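So the protein lines, in turn, are chains A, B, C and D. Using this note's numbering, read the first sequence as starting at 1 and increasing by one per residue. Using this note's numbering, read the second sequence as starting at 1001 and increasing by one per residue. Using this note's numbering, read the third sequence as starting at 2001 and increasing by one per residue. Using this note's numbering, read the fourth sequence as starting at 3001 and increasing by one per residue.
The hints are simulated quantities; they were obtained by calculation from the structure and are not laboratory data. Be a bit skeptical, because a hint or two may be false.
As the list claims (entries may be wrong) - Straight-line alpha carbon distances no greater than 16 Å define the calculated EDC-like cross-link-like pairs of lysine to aspartate or glutamate that follow:
| id | chain 1 | residue 1 | chain 2 | residue 2 |
| --- | --- | --- | --- | --- |
| 1 | D | 3177 | D | 3038 |
| 2 | C | 2317 | D | 3204 |
| 3 | C | 2097 | B | 1261 |
| 4 | B | 1317 | A | 202 |
| 5 | A | 307 | B | 1071 |
| 6 | A | 276 | B | 1204 |
| 7 | C | 2316 | D | 3036 |
| 8 | B | 1276 | A | 202 |
| 9 | A | 258 | B | 1265 |
| 10 | D | 3307 | C | 2202 |
| 11 | D | 3258 | D | 3270 |
| 12 | B | 1276 | A | 313 |
| 13 | A | 258 | B | 1071 |
| 14 | A | 62 | A | 95 |
| 15 | C | 2307 | D | 3261 |
| 16 | B | 1325 | B | 1071 |
| 17 | A | 317 | B | 1265 |
| 18 | C | 2258 | D | 3197 |
| 19 | D | 3073 | A | 20 |
| 20 | A | 257 | B | 1202 |
| 21 | B | 1316 | A | 313 |
| 22 | D | 3258 | C | 2318 |
| 23 | B | 1257 | A | 219 |
| 24 | C | 2307 | D | 3265 |
| 25 | A | 257 | B | 1204 |
| 26 | A | 147 | A | 20 |
| 27 | C | 2142 | C | 2038 |
| 28 | C | 2257 | D | 3261 |
| 29 | D | 3276 | C | 2261 |
| 30 | C | 2276 | D | 3197 |
| 31 | D | 3257 | C | 2318 |
| 32 | B | 1316 | B | 1098 |
| 33 | C | 2257 | D | 3313 |
| 34 | D | 3317 | C | 2261 |
| 35 | B | 1317 | A | 37 |
| 36 | D | 3062 | D | 3098 |
| 37 | C | 2307 | C | 2204 |
| 38 | A | 276 | B | 1071 |
None of the values given here were measured: they were computed from a predicted structure.
Protein chains: 4
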Amino acid sequence: MKNTFGNNITITLFGESHGEAIGCVLDGIAPGIEVDEDFIASQMQKRKGMNSISTPRREDDKVRILSGVFEGKTTGTPIALMIENQTQHSKDYSDTKDLARPSHADYTAYCKYHGYQDYRGGGHFSGRITAPLVAAGAICLKALEKKGIAVGTHIASCAGISDRAFGNLAEDIALLKDMEMPVLCDKASAEMISAIESAKNEGDSLGGTLTTAVIGMPEGVGEPWFDTVEGMLSHALFSIPAIKGVEFGLGFGFADKKGSEANDEFHMCDGRVQTKTNNNGGINGGITNGMPIIFSCAVKPTPSIFKQQNTVDFMKKEDAVLNIKGRHDPAIIHRARVVVDSVTAITLCDLLATRFGTDWLGE
Amino acid sequence: MKNTFGNNITITLFGESHGEAIGCVLDGIAPGIEVDEDFIASQMQKRKGMNSISTPRREDDKVRILSGVFEGKTTGTPIALMIENQTQHSKDYSDTKDLARPSHADYTAYCKYHGYQDYRGGGHFSGRITAPLVAAGAICLKALEKKGIAVGTHIASCAGISDRAFGNLAEDIALLKDMEMPVLCDKASAEMISAIESAKNEGDSLGGTLTTAVIGMPEGVGEPWFDTVEGMLSHALFSIPAIKGVEFGLGFGFADKKGSEANDEFHMCDGRVQTKTNNNGGINGGITNGMPIIFSCAVKPTPSIFKQQNTVDFMKKEDAVLNIKGRHDPAIIHRARVVVDSVTAITLCDLLATRFGTDWLGE
Amino acid sequence: MKNTFGNNITITLFGESHGEAIGCVLDGIAPGIEVDEDFIASQMQKRKGMNSISTPRREDDKVRILSGVFEGKTTGTPIALMIENQTQHSKDYSDTKDLARPSHADYTAYCKYHGYQDYRGGGHFSGRITAPLVAAGAICLKALEKKGIAVGTHIASCAGISDRAFGNLAEDIALLKDMEMPVLCDKASAEMISAIESAKNEGDSLGGTLTTAVIGMPEGVGEPWFDTVEGMLSHALFSIPAIKGVEFGLGFGFADKKGSEANDEFHMCDGRVQTKTNNNGGINGGITNGMPIIFSCAVKPTPSIFKQQNTVDFMKKEDAVLNIKGRHDPAIIHRARVVVDSVTAITLCDLLATRFGTDWLGE
Amino acid sequence: MKNTFGNNITITLFGESHGEAIGCVLDGIAPGIEVDEDFIASQMQKRKGMNSISTPRREDDKVRILSGVFEGKTTGTPIALMIENQTQHSKDYSDTKDLARPSHADYTAYCKYHGYQDYRGGGHFSGRITAPLVAAGAICLKALEKKGIAVGTHIASCAGISDRAFGNLAEDIALLKDMEMPVLCDKASAEMISAIESAKNEGDSLGGTLTTAVIGMPEGVGEPWFDTVEGMLSHALFSIPAIKGVEFGLGFGFADKKGSEANDEFHMCDGRVQTKTNNNGGINGGITNGMPIIFSCAVKPTPSIFKQQNTVDFMKKEDAVLNIKGRHDPAIIHRARVVVDSVTAITLCDLLATRFGTDWLGE
C-alpha cells in the first residue's frame, strides 16, 4: 500500500521537500468532529523546534484544508491537507546529487526510482514530509482528547543525559503539551540543549530515545495477530525518518527479567480490572488492557553532519568525498516527538474505528 | 485486516490451541517453486525446542498441504496448510478460565470477544498458532534460498549471558540452521541452557534477545513511508507472542552516538556500492541498500510460571489467586527464533513480490 | 489482494477441484453468533442442484469447521472451513490438459501460472471452489437474518423463458428458501427445467439471468467512492464463474428512460423516508437508502459442452479439436443462485461491519 | 478502504463540489513516465462536454501537479493532483438543502454523515469529483499507450438511438479520441444530440449505454477469485455517478445463448493463440486472454431535472415538493465516457503492476 496506512482510518502522504507542495489525505474520520486550526498551527510550530538547536529552514508551513471540513467540523469525507513549499534552496543539492549522503536515502532512492527521484533536499524521503503527518495528527489528537484519550512524548535520553521517568501521567502529558523542549526535568533539559548546541558547533549531530504515554484507551482494542496494537504502532512509527527501534513497556528491559519479576499481576482497583505494574505497556496479546500504553522509540543522530565524509558517486560508481551544505538540524529528537504523538494519534484513531465503528470517534 | 498480513504475498492465520485444527493460507507465492516437505517438518521440529527446556506438550504437528501445491511445486494459487490438534489437555484450563493469567491475553480476549472466546490453552492467542507461521515460513525460506537470500537468528542474550556477535554472516547462518539451541558460542549456549533449567526448577521463566541477519537481499526493496522494510517487518514480528521490542541495526544503541560515529560511509567494494559499517542494518529511508539486514527482538519471559500469582476473576470482578497448571515452557526464546526466521521470510517475500512482481520469486 | 476479499470481514478462498481439500477462512465475524451446521449442510445441498439437470459429480461436501466456533457460537476469531475432495475423476482431464477448453480458464491459467497450475477439473478456477463460499455465506445469511435482513435470488430468465417479477419480497424470499429450482412461477419453472434437459440431451448448455432482492438493510451503508454498495457487490459477484454482467435496479433498463420516468420520488411512509419506486435498487450515491437492494446477474451458458469444438494445443501452439469428457452441468444457473446469495451475504456483512463496527452483527 | 482504490497502484479521491479544491493522489506509478500536461488539459476539456448539451457550470479546471513529477517525468512517488473550485453558486443549494433530490445522494449522505456533510452541489457525491479521476486517468492512459495499450469508449445507445458497433478497434479508438460527441456513426450522433437537446428543453434528462474497448492488453493479467479483471473494473466503474450496470462481452446477451453459440473457440492466428469470437470480452476465468477487453456500462439519466418532483424534507420528516435550481446536464453520457476511459486506465495500470511489478509500466 505504499504511501497509505491504516484500515478504517487511512492516511495517504504526498510531496517532495522542494516540490510544489506537500500534504496528505486523512480519510475515515467520523463526521461532526471540531477542527481547531489554531491547534494545528501550534503543532506545526512545535515540529519546527527551538530556534537555537534546529535547522534555519523555517517556512511558514501554513496548512490549507482543501476538503472534508465544513463549517468548522469534519464532514466524514476525506480531509485533504496541503502545505505549499516556499523557501527551497534547491541549489544546495544539485552539485552533490549523485553523492550518496551516508545514512541518508539518496542511494536507496536511486536504486528504487532509477534516477527519476526528485533529489532536492531528500525529495519524498525528507523529514519535511512529516509536516502533513503533524497536521493530520493534530485533528486526531483533538478527536481523542474529546474521548478522554491523551498522548504525550518526552525525550527520555539524549547524549547520555536521562530525563526523569514519567510520574503522574495525566500531569506529565499536560506539562509536555506546551514545552518547546519536551523534557520533564529542567536540569536534564538544559543539559540536553547544551549538548545539542555543542554538537552543532562541532558540525556533528545527536540522537536519543523518546518515551510516549497514552492514557484513557479503552480495553479490547487491537487484534491478536498482525494488527496488534504493537504491530500497527510500530509499522507507523518506523516511517518517521531516524526511528530505528520501538519497544513497548519494558521492551528490551524484559530480556534480563524473570517471569515472576516481569509479569503484571491484576487486581481490582476503583471497580476496574487493573494491573499492579505495567511492564507490558498496556497491551496483552496485542490488545489494550485498559492500562496506559507506554512505548519508546530510538532516534538515530541526524545523518546530515558538516564533517567531511567518505562516500560514493553512485552514477559514476566511484569513491568520493562529501561536504554537506544546506540547512540541517544538529538533532531532530525534540522535533520528532510531535511527529511521534501525531503518528500515534492517527494509528489509535484507526484502531478505535476498527473496534467501535466509523462513527464512534465523533459521538 | 485482522488475521491477514501482507500486500502481494499474504498470510491468513486461523485456529485455536485446543480446537480442531490450526493452519494458514499463504497466497501470492509464485508458481513453480519446489516445496520441500522434509524441510517443513524439520522446521516444525525446531519450533518444538529442546526436550529439557521446553513444554512437555509435544504433538506430532504433521503439516498437511491442502492446496496450492501440485506435483511437488507451487501452482501460484493459495497454499492452505493445516495441522490437526491432538493432545489437548483442555481440562487444565476450565477451572481457571475466568482468572486472568498475568501478562497473558485472557483478560484482553474477554474484553474483545465478550466471553465467547475459546479460552482453552489461550485459544487463538496461544503460541501454538505460530506453528502454521513456521510451516508457511519454511516454503518462503526455501524460495528465498533459491534467490541467494538467507536468514538466520541467534539468541544474542538470555539471563544476562551474551552470545558472541555475528561474524561471517554466511557461515554463522549456516551454522545456526541445524542448531537445536541457536547460540553461536558453545560456552554461552551451555550457560543459557543451564539458566533456563534453573528457572524451570524454580517454576519461573526467562526471556532474552534474538538477533537476526538476512544476507543477499537486493537493493531498492521497501517503501519510503509506511511500508518501509522496518515497518513491515516490525508489524509482522510484533505478532509473535512475547516479542515486545524490535530494533534495526544499532537500534537503541544509536541513542548515545553522534552522527559522525553512527553514519555508515559508502565505498565501492568488489564493484558494488557498499557501506563500511552497517549501523543502519541494511536499510536507509525504509529501503534496502544491499547490505545485510540486521535486527533484534526483545522476548519477554514466558508469562506462564508455576509460582502463585495475584490476579482477578474478570467475570466476578473480584481479586483472586492463581496457580497455573498445564504444560508450559520455562523459556520460549530458543523456540521463537524459528518463528522469527519464518515471519521474516514471509515478509521479505512479500516486499520482493511488491518490488519485482509476482513471478520473480519463482524465476 | 488475490484470493482475499473484504475490508472488515474478509473471506480467503483456497483449493483446487481435484486437490486434497477446498475451503476458506472467514474473518472478522462478531463473537456470539450461533452457527447452524444443519443450515450450512442444507445450503451445500442446494448448491448441488436438482439431480436431473446437474452434474453427476455429487460429493458429500461435508463442511468441517476447523476454528472460530466454540460451543456452537462464533468466537470472533477466524472461521476456517474445509471440505475434503472425494470423487475425483482426474483421468478425465490429463489427456486433454493442453487443449484450451473454449470459454474456460485453461489458457489464461497457463498464461498466468506458466504451466504449473493444477489443470485437473479446472483446478483453482473450478466452479467447485464456490462450495466454501456457500458454507461461509450460510454463516453470514444466518447472522443477517438475526438482524432482520433477508436475501433471496430467483432465475429471472433462462432459455427465453421469464419468471414472474418479484412481488411481495418477504414472501417471495421465504418461498425461494426451500426451492430446488428457484423460480417463482411454477409454469416457468417447468419450462426452464424442460429447456435445460433438452440442452443436456443435445450435449449443449444454457445460461440466464438471476435477480436478487435484499430486504431489511439499514440506511447509510456503503461509501461514496470505490467502496460503494454496487462496487463491493459487483466486485464479489464477478468472482462467480459464468457471471458476466451485474446491474442494479433498472440497470441497463435505465438507458432508454428519461429522468422524469426513472427518478425515485421520496415520500414519508409509516414514519420512514421511503421511495415510491425503486428503480435505483435501494442505492443512491453508492449508499443504501433503506429500500430493498435489487440487482441482477447475467449467467453465461456453462462452457463445458459435449459437442466437438475447435481449439488450440497451447503447449504445441497448434490448432486442435476438442471433445470434452467428464461430468458437467447443462446449466448452472439454478445452482449459482445459492452462490449469489452467499457472496451477497458475505459482502453485506462486511459493509455493515465497516459501518457499525465489528460487534454489531453479534449484538 | 473508503476513498482509496487499487492494490499496487492506488487512487485516493478528495473534495467537495463547492469546497476549496478537489483532487486525488495517484500512487504506485512507475518512475520515468512522461507526464503530458497538454493531454491532461485536453481530457479535462472533454469531460466538460459539448456546450449545447452540458451544464453551464464551466470552470477552468486547471490541474495543478503538487508532487510526484520532476523534470516532466514521474518520480515513482505519489502524484498529488489538485483543482481549485472557482464558480460556486452555493446559494442555489442552501434553500433546499433538507429536501432529498430524487435519485440523488442527499438523503443517503444525511444518513451516513448525520447532517455534517457539505450539502452544497452534492458535496463529495458530486459528479464534479470525477474531474481528478480524469486527470489521474490521463497520466495512466499515456503510460498504457507507451506499452501499446489503447482504451476507447463510445455511446452505444442513447434515447433509443444506437451507434454502429465497434469495427476495426484500433481505428475506432483513434477516431473517438478527438470526438466531442463520442459516437461512431455521424447520423446517430446528430440524432442523439438532438434528443438530448429536446430533453433539455423539456427540463428532462437522458441516459444511455457506453461501450468500451481496450486493445493491446497482455495475456495472464487478473486473478481467479475476487480480483478478477471484471471484479476490479466493475468495482471502479460503479463509483462513477449514474453507472448502474456493467457487463463484459455479451454480458446480459449471454442469457439467451446456448453454450455452443456462446463459446469462443480458440485458433492459432499470426502465431498467437486467439479466439474466433470474443463473446467473453477478452477475459476467461477473470484473467485476460489477449483478446480485446470489451465491456458496457448502463448510465442512468441525470437525476437533476427541472420538472417539479415530490420528495421529503428529511430533517422535518415530512412530504415536500422540490423544484431544482442550479446548473445541470440534460445528459452526462457524453461526458461520462472520458471518466470511464480514465477509471479503466487506472484500474488496468493497477492490474498490470500487480502482474508484472511496479517498474513494468515505466520500462
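Hint by hint, here is what the structure shows:
Between residue 3177(D) and residue 3038(D) the CA atoms are separated by roughly 14 Å; this keeps the pair inside 16 Å, and the hint holds. Using a Cα cut-off of 16 Å, the hinted pair residue 2317(C) and residue 3204(D) is violated, with the two alpha carbons roughly 56 Å apart. With a C-alpha separation of about 63 Å, the suggested pairing of residue 2097(C) with residue 1261(B) is violated against the 16 Å cut-off. A distance of roughly 59 Å separates the Cα atoms of residue 1317(B) and residue 202(A); the hinted pair therefore is violated under the 16 Å criterion.
For the hint pairing residue 307(A) with residue 1071(B), the CA-to-CA distance comes to about 60 Å; that exceeds 16 Å, so the pair is violated. At roughly 19 Å between alpha-carbon atoms, residue 276(A) and residue 1204(B) are farther apart than 16 Å, so this suggested pair is violated. At roughly 43 Å between alpha-carbon atoms, residue 2316(C) and residue 3036(D) are farther apart than 16 Å, so this suggested pair is violated. Restraint check for residue 1276(B) and residue 202(A): the C-alpha separation of about 23 Å exceeds 16 Å, so the hint is violated.
Between the alpha carbons of residue 258(A) and residue 1265(B) the distance comes to roughly 40 Å, so the proposed pair goes past 16 Å and is violated. With a C-alpha separation of about 54 Å, the suggested pairing of residue 3307(D) with residue 2202(C) is violated against the 16 Å cut-off. Among the hinted pairs, residue 3258(D) with residue 3270(D) is inconsistent with the structure: their alpha-carbon atoms are about 29 Å apart, more than 16 Å. Restraint check: the Cα-Cα separation between residue 1276(B) and residue 313(A) comes to about 15 Å, which is no more than 16 Å; the hinted pair holds.
Of the supplied pair hints, the one linking residue 258(A) and residue 1071(B) is violated, its CA atoms being roughly 48 Å apart against a limit of 16 Å. Restraint check for residue 62(A) and residue 95(A): not satisfied, since their Cα atoms lie roughly 30 Å apart, outside the 16 Å limit. Of the supplied pair hints, the one linking residue 2307(C) and residue 3261(D) holds, its CA atoms being roughly 11 Å apart against a limit of 16 Å. Only pairs whose Cα atoms come within 16 Å are accepted, and residue 1325(B) paired with residue 1071(B) is rejected, the gap being roughly 45 Å.
Note on residue 317(A) and residue 1265(B): the hinted pairing holds, with a Cα-Cα distance of about 14 Å set against a maximum of 16 Å. As the CA atoms of residue 2258(C) and residue 3197(D) are separated by approximately 13 Å, the hinted pair is consistent with the 16 Å bound. For the suggested pair residue 3073(D) and residue 20(A), the alpha carbons sit about 15 Å apart, so the restraint of at most 16 Å is met. Distance hint between residue 257(A) and residue 1202(B) is fulfilled; the C-alpha atoms sit about 14 Å from each other, no more than 16 Å.
Of the supplied pair hints, the one linking residue 1316(B) and residue 313(A) is violated, its CA atoms being roughly 68 Å apart against a limit of 16 Å. With a CA separation close to 27 Å, the supplied pair residue 3258(D) and residue 2318(C) exceeds the 16 Å bound. Pair hint residue 1257(B) plus residue 219(A) does not hold up; C-alpha atoms about 38 Å apart against a cutoff of 16 Å. For a cut-off of 16 Å, the pair hint linking residue 2307(C) to residue 3265(D) stands: about 12 Å separates their Cα positions.
Note on residue 257(A) and residue 1204(B): the hinted pairing holds, with a Cα-Cα distance of about 10 Å set against a maximum of 16 Å. Distance check on the hinted pair: residue 147(A) and residue 20(A) sit about 36 Å apart at the alpha-carbon level, beyond 16 Å; violated. Only pairs whose Cα atoms come within 16 Å are accepted, and residue 2142(C) paired with residue 2038(C) is accepted, the gap being roughly 11 Å. Taken as a hint, the residue 2257(C) and residue 3261(D) pair is broken in the structure, with Cα atoms around 31 Å apart against an allowance of 16 Å.
Between residue 3276(D) and residue 2261(C), the direct Cα distance comes to roughly 41 Å. Violation of the 16 Å bound is thereby established for this hinted pair. This hinted pair does not check out: residue 2276(C) and residue 3197(D) have alpha carbons roughly 28 Å apart, beyond 16 Å. Proposed proximity of residue 3257(D) and residue 2318(C) is contradicted: the alpha carbons are some 28 Å apart, above 16 Å. Simply put, residue 1316(B) and residue 1098(B) have alpha-carbon atoms about 8 Å apart, close enough for the 16 Å limit, and the pair holds.
Taken as a hint, the residue 2257(C) and residue 3313(D) pair is broken in the structure, with Cα atoms around 26 Å apart against an allowance of 16 Å. Note on residue 3317(D) and residue 2261(C): the hinted pairing is violated, with a Cα-Cα distance of about 24 Å set against a maximum of 16 Å. The suggested pairing of residue 1317(B) with residue 37(A) is violated, with an alpha-carbon distance near 44 Å, which exceeds 16 Å. Of the supplied pair hints, the one linking residue 3062(D) and residue 3098(D) is violated, its CA atoms being roughly 32 Å apart against a limit of 16 Å.
For a cut-off of 16 Å, the pair hint linking residue 2307(C) to residue 2204(C) stands: about 7 Å separates their Cα positions. For the hint linking residue 276(A) to residue 1071(B), the alpha-carbon distance of about 56 Å lies beyond 16 Å, and the restraint is violated.
The structure does not agree with the numbered hints 2, 3, 4, 5, 6, 7, 8, 9, 10, 11, 13, 14, 16, 21, 22, 23, 26, 28, 29, 30, 31, 33, 34, 35, 36, 38 stated previously, though it agrees with the rest.
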